[in-house]
Amino acid sequence: MDMQNQTPTPATEEDNYASLSNLLQEFTTIPNIDKAWLLNSHSTTLQGMFSINQPDLVANNTKKLMLSCQIFKESESSVNFLWAPFPIEISGVSLIVPSPYGSKLLVIWNPKDDESPCRFEIWSQSRMEKDFHIPQSLHGSIYNDRWFEGVSWNLDETFVAYVAEEPSLSKPEFRDVGYKKGGGCAPADKNCGTWKGQGNLEEDWGETYAGRRRPALFVINISSGEVQAVKGIDRSLSVGQVVWAPFHDGSEQYVVFVGWSGEKRKLGMKNCSNRPCALYAVRAPHHDSKSNEQEINSTQEWYILNLTRTISSAFFPRFSPNGKFLVFLSAKSAVDSGLHNATNSLHRIDWPTHGKLHQSAKLYDIIPVVTSTEEGCFPRLYCTTIHNNPWLPDNSTMIISSIWHSSEVLLSVNVLSGEVAHISPAFPSFSWNLLTLDGNNIIAICSSPVDVPQIKYGTFTEKSKKSIPWSWSDISSPMFRCSDKVRSSLFSLKCSILKIPVKEACQGIAKGASNPFEAIFVSSKSKKNDPLIVILHGGPHDVSLSCFSKSWAFLSSVGYSLLIVNYRHQTSLRPQPLSTLFATLHSWLAQLTSLIGAI
Numbered sequence: 001m002d003m004q005n006q007t008p009t010p011a012t013e014e015d016n017y018a019s020l021s022n023l024l025q026e027f028t029t030i031p032n033i034d035k036a037w038l039l040n041s042h043s044t045t046l047q048g049m050f051s052i053n054q055p056d057l058v059a060n061n062t063k064k065l066m067l068s069c070q071i072f073k074e075s076e077s078s079v080n081f082l083w084a085p086f087p088i089e090i091s092g093v094s095l096i097v098p099s100p101y102g103s104k105l106l107v108i109w110n111p112k113d114d115e116s117p118c119r120f121e122i123w124s125q126s127r128m129e130k131d132f133h134i135p136q137s138l139h140g141s142i143y144n145d146r147w148f149e150g151v152s153w154n155l156d157e158t159f160v161a162y163v164a165e166e167p168s169l170s171k172p173e174f175r176d177v178g179y180k181k182g183g184g185c186a187p188a189d190k191n192c193g194t195w196k197g198q199g200n201l202e203e204d205w206g207e208t209y210a211g212r213r214r215p216a217l218f219v220i221n222i223s224s225g226e227v228q229a230v231k232g233i234d235r236s237l238s239v240g241q242v243v244w245a246p247f248h249d250g251s252e253q254y255v256v257f258v259g260w261s262g263e264k265r266k267l268g269m270k271n272c273s274n275r276p277c278a279l280y281a282v283r284a285p286h287h288d289s290k291s292n293e294q295e296i297n298s299t300q301e302w303y304i305l306n307l308t309r310t311i312s313s314a315f316f317p318r319f320s321p322n323g324k325f326l327v328f329l330s331a332k333s334a335v336d337s338g339l340h341n342a343t344n345s346l347h348r349i350d351w352p353t354h355g356k357l358h359q360s361a362k363l364y365d366i367i368p369v370v371t372s373t374e375e376g377c378f379p380r381l382y383c384t385t386i387h388n389n390p391w392l393p394d395n396s397t398m399i400i401s402s403i404w405h406s407s408e409v410l411l412s413v414n415v416l417s418g419e420v421a422h423i424s425p426a427f428p429s430f431s432w433n434l435l436t437l438d439g440n441n442i443i444a445i446c447s448s449p450v451d452v453p454q455i456k457y458g459t460f461t462e463k464s465k466k467s468i469p470w471s472w473s474d475i476s477s478p479m480f481r482c483s484d485k486v487r488s489s490l491f492s493l494k495c496s497i498l499k500i501p502v503k504e505a506c507q508g509i510a511k512g513a514s515n516p517f518e519a520i521f522v523s524s525k526s527k528k529n530d531p532l533i534v535i536l537h538g539g540p541h542d543v544s545l546s547c548f549s550k551s552w553a554f555l556s557s558v559g560y561s562l563l564i565v566n567y568r569h570q571t572s573l574r575p576q577p578l579s580t581l582f583a584t585l586h587s588w589l590a591q592l593t594s595l596i597g598a599i
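Counting from 1, one number per residue, gives the positions in the sequence shown under full-length UniProt numbering.
No lab work stands behind these hints: they were computed from the structure.
Be aware that one or more of the hints could be misleading.
To be verified - Pairwise CB distance ranges, derived in the manner of DEER restraints: (1) Phe86 / Ser21: 41 to 47 Å; (2) Glu462 / Asn395: 17 to 23 Å; (3) Asp350 / Arg146: 51 to 57 Å; (4) Ala421 / Ser19: 45 to 51 Å; (5) Asn61 / Asn414: 41 to 47 Å; (6) Asn61 / Arg175: 41 to 47 Å; (7) Val370 / Ser19: 49 to 55 Å; (8) Pro85 / Ser19: 27 to 33 Å.
Stated by the list, open to error - Calculated lysine to aspartate or glutamate pairs in the EDC-like style (CA-CA distance at most 20 Å, straight line): (9) Lys104 / Asp156; (10) Lys494 / Glu462; (11) Lys112 / Asp156; (12) Lys499 / Asp336; (13) Lys231 / Glu149; (14) Lys270 / Glu202; (15) Lys356 / Glu252; (16) Lys112 / Glu149; (17) Lys266 / Asp336; (18) Lys485 / Asp15; (19) Lys104 / Asp438; (20) Lys270 / Glu121; (21) Lys324 / Glu374; (22) Lys270 / Glu226; (23) Lys112 / Glu89; (24) Lys456 / Asp34; (25) Lys104 / Glu129; (26) Lys550 / Asp34; (27) Lys171 / Asp114; (28) Lys231 / Glu252; (29) Lys171 / Glu207; (30) Lys130 / Glu252; (31) Lys550 / Asp451; (32) Lys64 / Asp145; (33) Lys35 / Asp156; (34) Lys266 / Glu166; (35) Lys64 / Glu121; (36) Lys266 / Glu226; (37) Lys324 / Glu207; (38) Lys270 / Asp145; (39) Lys112 / Asp131; (40) Lys550 / Glu26.
By construction, the Cβ of each residue, glycine as well, lies at the ideal position given by its N, Cα and C atoms.
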């Protein structure tokens, strides 16, 4: 009897399903590092904290964990991470923000319902010092979405500025004889014979922000718990990404934030960067100015300053440690063209040392947008964020994670000269993401479609003609340990980046549009005829990265080859490729079909 042609028995099929289910769970429960912090220390030992997310398939939610470590600097280029034996679960916590010097820790709990308050806990090294309950009459939930999100300590560690939902607007109340004017019923009759209207309809930002109220700016005194809304901001602005401006004696204390006009179209904010926005500076409440100037009138012109009037987009503001520069990212290319996402640019404002701000501050281009680049050269900026503290000790060099073709890489950017250097190792099938900085050293995450994430420690060395400025070492970590079955299945796979040239291009096609596009190919090291899954990303404004994906890794481990296609070799469309997209679409599809057939 030919056993190979027998139909699988129900028991065999059930065992197969159980095996696949177990393997999927082993892949899915591999944790992700969300954020990392290093607490300042003047010794050779640092304290590190890592915020971790771990999916829980059975409970259908995600566990949030915190794992701490001690980092021992054994030499200039050698470190040892001593990890805590177990992580601590912190599920339910919305945000964790250490203070600038690491002496305090802010833990924020968002309300569980429409009636409960926000909670702000202030922790010292050994205990909880303060526990403030902020009622919803002051504000609603804190934004923690990494777009509107902004929680910033001042340098004195006495105040925190943050972005939260504005309080609910009052709603009209009616009873049997019509509209009820003035006060309410007695407590015992609170809901007796009355009903509330919905009030004026206000459009929200939609999608992930559906049902959330306008993001507004607040400051809390961490000694008294007093909360004040920042005045002078028009309700037409939605605010986010707040940071404290440098303070100089005898001047006003400002906070800087990003403002989006609510009069523009709102839907799509989460995934489309083509929404006009600007950087604003506004005087912070609570602050006792030592200035002898006359009291400023409470007019919008004096309260709030638009720092970026000459550019249509400005976000992720970052001050240099010495307070001399304000650097920010811009999606001007997308805003002006209407593209969902396009090449970003990086800009600088020289911050006044005397503390007197002007709306006519000059903007300097650090990394401008260009229409095309040569093959193999820096393809310009494609950032999804900038680290809260991206600076090296020289006060003029930033470390940025940016997409380079089909990979994410680490770049060093000199904000004075505009010099850009690719500092992560040039392995195209791997992606790198910045976790945090330790002086001249970098802690990053590296992974590929067939390699689980690995913590890397980068050490800066003096530049010379014969040496590489950065050396990288592996850091042993308990976070990404996986089962023997997962390791063996990944070990049997290989990954490569395929370059597909553009053939039969139309006459007059722009130079940048004739560059090859790329595809990430994941396959078995030994098997040649595995079934192929072609993965296309969501559109020409998006990109699929050569980083570890649990779902992709699972599919590869159970016998599928993967072809993950990226349009051209850029992460986002620039004007040249976009303008010729439809002219070359037929040729592009034909080449893709031929490639699939060849594989």
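Within a Cα-Cα threshold of 20 Å, do Lys171 and Asp114 meet the stated pairing? Roughly 15 Å between the alpha carbons, so the hint for Lys171 and Asp114 holds.
With a cut-off of 20 Å on the C-alpha distance, tell me whether Lys356 and Glu252 pass. holds (8 Å)
Quick one, are Lys112 and Glu149 close enough, alpha carbons at most 20 Å? Between Lys112 and Glu149 the Cα gap is close to 19 Å, so the pair holds against 20 Å.
Hint check for Ser19 and Ala421 - Cβ pair distance inside 45 to 51 Å: Since Ala421 and Ser19 have Cβ atoms about 47 Å apart, the given range 45 to 51 Å holds.
Regarding Phe86 and Ser21, is the given constraint of 41 to 47 Å on their beta-carbon distance met? For Ser21 against Phe86, whose Cβ atoms are near 27 Å apart, the range 41 to 47 Å is violated.
Against the 20 Å threshold, does the CA-CA distance of Lys324 and Glu207 hold or violate the hint? violated (38 Å)
Would the hint linking Lys494 and Glu462 be met if the CA-CA limit is 20 Å? violated (35 Å)
Just to be sure I understand the hint, the distance between the Cβ atoms of Asn61 and Asn414 should be within 41 to 47 Å; is that true here? With a Cβ separation near 44 Å, Asn61 and Asn414 satisfy 41 to 47 Å, so the hint holds.
Lys456 paired with Asp34 [C-alpha distance capped at 20 Å]: holds (16 Å)
Please work out if Lys270 and Glu202 have their alpha carbons no farther apart than 20 Å. Answer holds: Lys270 to Glu202 is near 19 Å, not above 20 Å.
CA of Lys64 to CA of Glu121, is that 20 Å or under? Holds, at about 17 Å.
Is Lys35 within 20 Å of Asp156, Cα to Cα? Roughly 23 Å between the alpha carbons, so the hint for Lys35 and Asp156 is violated.
Hint compliance for this structure: hints 1, 3, 10, 11, 12, 20, 21, 22, 29, 30, 33, 36, 37 are broken, all remaining hints hold.
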